[in-house]
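Given chain C, work out where chains R, S and D with the ligands should sit, using these hints.
Residue numbers (the working numbering), protein chains in the order written: chain C, 296 to 629; chain R, 296 to 629; chain S, 2 to 316; chain D, 3 to 525.
Hints listed in this document are in silico derivations from the structure and should not be mistaken for laboratory results.
Note that beta-carbon positions come from the ideal geometry of N, C-alpha and C, so glycine has one too.
Treat the hints loosely; a few may be bogus.
Unchecked claim - Okay, the calculated beta carbon distance ranges per label pair:
hint : chain 1 : residue 1 : chain 2 : residue 2 : range
1    : C       : Arg-523   : R       : Val-606   : 30 to 38 Å
2    : R       : Leu-600   : C       : Gly-403   : 31 to 39 Å
3    : C       : Ala-493   : D       : Thr-337   : 57 to 65 Å
4    : D       : Lys-412   : R       : Leu-600   : 32 to 40 Å
5    : S       : Ser-289   : R       : Pro-463   : 25 to 33 Å
6    : S       : Gly-176   : R       : Gln-404   : 37 to 45 Å
7    : C       : Leu-474   : S       : Gly-143   : 32 to 40 Å
8    : S       : Ala-50    : R       : Gly-601   : 14 to 22 Å
9    : S       : Ser-189   : R       : Val-606   : 21 to 29 Å
10   : S       : Gly-143   : R       : Gln-468   : 52 to 60 Å
11   : D       : Leu-515   : C       : Ala-493   : 46 to 54 Å
12   : R       : Thr-401   : C       : Arg-523   : 53 to 61 Å
13   : C       : Val-355   : S       : Ser-254   : 27 to 35 Å
To be verified - Sample of chain D residues with no beta-carbon within 10 Å of chain C, all distances over it, derived:
hint : residue
14   : Val-100
15   : Pro-119
16   : Ser-135
17   : Val-210
18   : Phe-232
19   : Asp-251
20   : Ser-388
21   : Val-392
22   : Lys-412
23   : Arg-451
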Amino acid sequence: MTATPTRNPGIEDTSAGVLAVPRRSLGQRALSGGTVLALVALVLFFFAMRPDVFLTFTNVRNILYQVSILAIIAVAQTVVMVVGDFDLSVAATSSLSGSVAGALLTAGQSVTVAVLAAVAVGLAIGLVNGLLVAYLNLSAFVATLASMTSIVGAAYLVTQGTTLFNFPAGFTQLGQGRLLNIPMPVYLAVLIALVAWAVLRFTTIGRSWYAIGGNVEVARLSGISVRRSRLLAFTVAGLVAGIGGILLAARLGSSSAVQGSDNLMFSVAAVFLGMTVIRSGAANLGGTVIGVAIIGVMSNGLNILGVNSYVQQVVTGIIIIAAVTLSSLKTRSR
Amino acid sequence: MTATPTRNPGIEDTSAGVLAVPRRSLGQRALSGGTVLALVALVLFFFAMRPDVFLTFTNVRNILYQVSILAIIAVAQTVVMVVGDFDLSVAATSSLSGSVAGALLTAGQSVTVAVLAAVAVGLAIGLVNGLLVAYLNLSAFVATLASMTSIVGAAYLVTQGTTLFNFPAGFTQLGQGRLLNIPMPVYLAVLIALVAWAVLRFTTIGRSWYAIGGNVEVARLSGISVRRSRLLAFTVAGLVAGIGGILLAARLGSSSAVQGSDNLMFSVAAVFLGMTVIRSGAANLGGTVIGVAIIGVMSNGLNILGVNSYVQQVVTGIIIIAAVTLSSLKTRSR
Amino acid sequence: GCGGSSGTDAGSGGDGGSGKPFKVIAFTSGNQTPIGAWWVKQVQADAKANGWDLTMIQGDFDFQKMNPQVESAIGQGADAIFDGYTDVASISSIVTAAKDSDIPIFAVDAGTEANDAFALNVTSNQQGIADQTVQEISKQLGGLQGKNVMVIGHDPHPGIRMRASLAEAELKKAGANIAGGSIQKVKSPATGRTEALALVSDYLTANPGGLDAVWVGWDDAALGAAQGVSESGSKAIVTGCDASSEAIAAIQSGTSPLVATVEQPWPSVNKTVEDAILAYQKDGTKPSETFDAVDTTLVTKDNAASITPSDKLGS
Amino acid sequence: MTLMTEPAEPASTTTAAAAPAAAAAGPFALEARDVSKHFDGVHALRGAQLAVRPGEIHALLGENGAGKSTLIKVVTGVYAPDGGTLVRDGEEVQFTGVRAANRAGVVALYQELSIIPSISVAENVLLGEQMPSRGGIVSWRSMRQRARVHLERLNQRIPLGMLAGELSPVQQTMVSVARALATDAKVLILDEPTASLTDTEIRELFVVLRSLRDEGVAIVYVSHRLEEVFELCDRLTIMRNGSHITTRDVSASTIDEVISTMVGRDPGSLYPDRGTATEQVTISVSDLQGRRVKDVSFSARAGEVLGIGGLAGSGRSELLRILAGAQKQTSGTITVAGTTVSMRAAVPQMLEAGVALVPEERRSQGVVLGATIRDNIALANIPTVSSAGVVSGARISTIVERGMRDLQIKAHSPRQPVGELSGGNQQKVVLAKMLARRPKVLLMDEPTRGIDVGTKAEIYRLIRQLAAGGTTVIAVSSELPELIGMSDRVLIMHEGRVSGEVDAADADEEVLLSYCYGKADVR
Ligand SMILES: Nc1ncnc2c1ncn2[C@@H]1O[C@H](COP(=O)(O)OP(=O)(O)OP(=O)(O)O)[C@@H](O)[C@H]1O
Ligand SMILES: Nc1ncnc2c1ncn2[C@@H]1O[C@H](COP(=O)(O)OP(=O)(O)OP(=O)(O)O)[C@@H](O)[C@H]1O
Ligand SMILES: O[C@@H]1[C@H](O)[C@H](O)CO[C@H]1O
Ligand SMILES: [Mg+2]
Ligand SMILES: [Mg+2]
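The shape of chain C in the complex, shown without the other chains (with noise of 0.2 Å):
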């Protein structure tokens, strides 16, 4: 589309064009760590208010476990924002992910046979997500929202609108059981964090991704697969996402249509924390990891001061407004 706005809604580019490069003074450098200092604001804040309980280990290990599936999806938005795009499917492809795995279950099948049925879910997804953005060439916000409506009719139909349970063990430890008294989701999602941090630096891949987010008609023209590439971005980020939603089934021991639908807002805003974190303004798993503990972070400490619900929900975003504030001062200009 040529004649679509150069300008981003979402990404801020507010005054300084080609020409004005900013200046990066020593404390300003500092302070592009904003979004680090905000977390370590946080984490300080709730340790004074309950230095008895915020930094034990079970505390430690509670926040990593509720922030664990989470944090998968982040890693899918993450893959799907380095290239410039956004993936309003992910939450909702989890669940369905979830649902399927639990409807086979329900039905009897083996747990090899729900696992990669729910994955192969989340990868068609993926493929459908990425068929429609880079050869149909539709706005990836448009295509997602739409997917994402269809993915959560088609979790209510796989769960015919109630909630499945009663799963195998076999499959629930997946989500509950703990090694060295670590629950496995929390080293699935370490493990999953690296690979796709790996992936985004070292490879290929990772690195045509980062240069389409950067600019895609440079990439294009630098003779980079734009569309093969936009196209892998949304099948793993699909299958990412599916991964979370099974783990998010065997956590809970239960599957359903709407389950974890939060993970979408919370993934977002977890990859645009993160972007404050980098020099370059781009989505980065380093950073993503630190916006999910931010988020993390937050929600637990608020429960543990005995917050009402309500007023956590307004501290919340005040806190993500003053904590990507912080670090985008580093880039204010005239």
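Then chains R, S and D with the ligands, alone, in the frame of chain C:
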């Protein structure tokens, strides 16, 4: 921000960047009305299926009534998207405004006070969003995602999580009264859309919004006060969303924190559908109205056909994709 | 008579002379919940048996979409309106339209208190639910004095909201401490299970051994709370409400902290309301009481096997 | 038949027998025969031809809009041609995309498209297939090594880990040149690589291009700077209106002849006669400070054309941006027509005061590419075409019609998107937009960058006309002949300060150059 990726999560610019201006043949020009065709096709289809019902006065009025508030929220979204931003908080703002009106009415305040306060709430939220985006340079996506979170929390606080109802007739008439057998919200939606259309088309601020949406840097160097204009766009969006929320409360005779929350997704979908209507691919009011109509016709038609609601949801996503694909064919190029 | 819009006195609801079938508009906002889905099917079947001309409108909790549909159906005339599980607060505009057209609304579980919106609203007895669950907790803990009990509610649902505050009051009266000082609120039903899980886990981390029981307003969240309790290694017990099959299975397992839930007799409630509609169809009589709250059954390990789960109602 | 001058190995440093003259007889490395391409009614190419031999530098010339860039995109697979054939080393080929062309050894550096701002310099140099990898795994180490080699070849010492977006415009261009050089292309096409380079970098580039030529690479070189063409190239092809006009040896041509062939008429003298400035000072600046600009003071009079020169990064653009209100000054005063403007004045206030800027980067700062000519011109004139906040369509039409007529903007209609116009016409749109504000002081940053000689001459004439009408024109240029030719007086900047001032009438390039390097008066 120089190092910001120039690509645009949310708005496709898939194959044609700065250089690749798409070729346009006559056939393709006709297709540029693809979204309109999709609407016509939907209408014809439902009419063919239920000729006795679909195009009756009652049903058309019904559709109009059903989409009137969505149309108002979509106007708010259009204004912000013209500037090249997003407002994820529109639906939440409307809920909060409606909740504030409801709470004041419940507390025995007059209709005037309640309405004015609710309008002021919408305005204030828009102002805050605008300040965050235009003056603190936050990405619109993050800023409004965060403010949405806080606003919903505030709405829960205002309503104490319940559904408020039992409003005086003077208030509910705003939403339920009729003139010439047509409900008030329909008139108000038409009025608001017309005013917004005129503002976008004929006023200096409207032109400035389009200029900024086209290219901020060019706009700024052309003497447009980018910050003030963006601030104003968000403020207007907040105000309009607030009005939408009041009407929704009046229309339903109740208000709650999550009332009308699906207006967010649908408003974005409507604007995106509308963007495919015109050549430049920019957000535009005429297009938005068509987008809203597609959504309204689709949901009413599927209901009339008695399609199972899960299946409806699946079909809705597919129809949105089909509509956008149809019209995006025009911009495909190698 | 063929409905208020034609000006006929609705009091003569009987289908005596006109020969037209009795027209009923039924609606529910909760058709995506298992109980809502059951109700839709049940009413459709019963309508067929009763020879009603039924218009069924389903709303997915989207009142902006549902209300105009119901109202426009009302505009086209009907003899009676049948509300399934949709709270009076959310249907003010429907109530107004029905009043204007002089068509009575009969309702299943559409509000926790008597009001003049309905010719009849039958729901379950929230006080009873609170009594049964709190007593069960008391029984299992050997008294409530000084015990720490968390109460988890969900304000948007009037039933849950009411039973949660009744339970809280009762617990306090019996000398229990309310963990966290007041009712803990789950925000979204979609994420109720994870929210409750985090609430309980985090509370137990901050206050190790700080819970003797968790009272939860509905089963989905109760299952999350139970998971939080067991993962934290706490000995606390959990109660829920709704008698979902998953909750019943947990109770039967004997290994879950979930020890009790409550069955609400929806099939009989629905039957009562349909009977009232039939009576109105026959000769225009309306029920003398507009509100009834029926008794519920506490489900524990002892009787769990004999209870039909609420999500398996039609099957 | 493709054997003869095919260079041995890409990496080889053999000085093949391919001296320019020897190459003159060989077969073609790449041929485009009778290519046509149209865009929605615009016939960008009809009967275009291009044939380059290994071991030659072949200039592709033509006015703005002649079709050079389009032809380049056709031969590199970006566009599928409507008709015609491509022949690579004697074999007919069809490229399905850039990748296919690159694999066949045909690589282009496209016009005005350079880098990916959010990734590192090293990656920008080795983007795409060049990225060193094994089994899909990238080797960062060899990437840095190779990127360093390619940049050093251009004498560029740029930290490889820096984000390309943080480089100066010149450095960004050099990075993209390095990328084109990194491809081991057999046919290397450069579309206006020097448009935003200064002399030093141009020298470096030429050295490399010559050595590639000597290795047997076929090079296609597009530029509007004809001096360069005559210095560098062996043969040239001239296009006009999408068609091939002529191909011949450079040694058998003269600049004047080339110009008249390009334009299809006699362009007349490039620079119009100077005028006489009045005594009335329109703008004066004292002790201006910015990020890079230091202690700048000067004044300019009505009817005067003040040229500003300097090396890349010397602060010229920043000075203009400050004067236009587009960037903050940290201290100093600006007086326009006798009134001192506020330190806080931004673009709207400066426009109001009578100062207008035609910025440096046309496509990102000058025009909204997706918007129509009409909307672009209206942009800067919103306050003057509206009353009580309501815009008058009629008044817009008036200024648009006047602007398109006065500047002779070539387009089907005012409703044509600016992105579809050639560079020169885009620049005229920017001018039209600003001139409609009737500025007292017109600031122009590199006003003829990427613009053909014919249009250049038009722009110089326009500048003179404006000056004759009492406007003060302050123009930044990196081309010394242009600076001297178009100005009445020239200021040279060095590291943010004014390092010299000369009367253009008796300026000489050497003196200006020494000021550019910060040397005191050499005379
Ligand atoms: N994508 C496109 N869509 C429509 N018209 C185009 C497109 N690209 C080029 N044109 C038109 O084709 C003609 C040739 O343009 P081209 O860019 O090839 O010229 P050029 O010789 O490279 O000019 P310049 O020296 O200004 O770069 C011009 O009339 C231009 O407006
Ligand atoms: N090496 C650099 N590092 C960071 N920013 C730079 C650098 N060089 C230039 N810039 C920025 O680019 C802008 C243009 O710089 P300046 O005004 O000095 O350029 P100029 O003299 O017009 O030269 P040119 O535009 O040809 O590069 C300024 O805003 C400046 O901050
Ligand atoms: O109160 C009831 C039950 O708790 C169940 O959730 C179904 O609908 C509600 O109204
Ligand atoms: Mg060109
Ligand atoms: Mg410059």
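| task | Run the structure past the numbered hints and jot down the numbers of the failing ones, going up. | result | 4, 14, 15, 16
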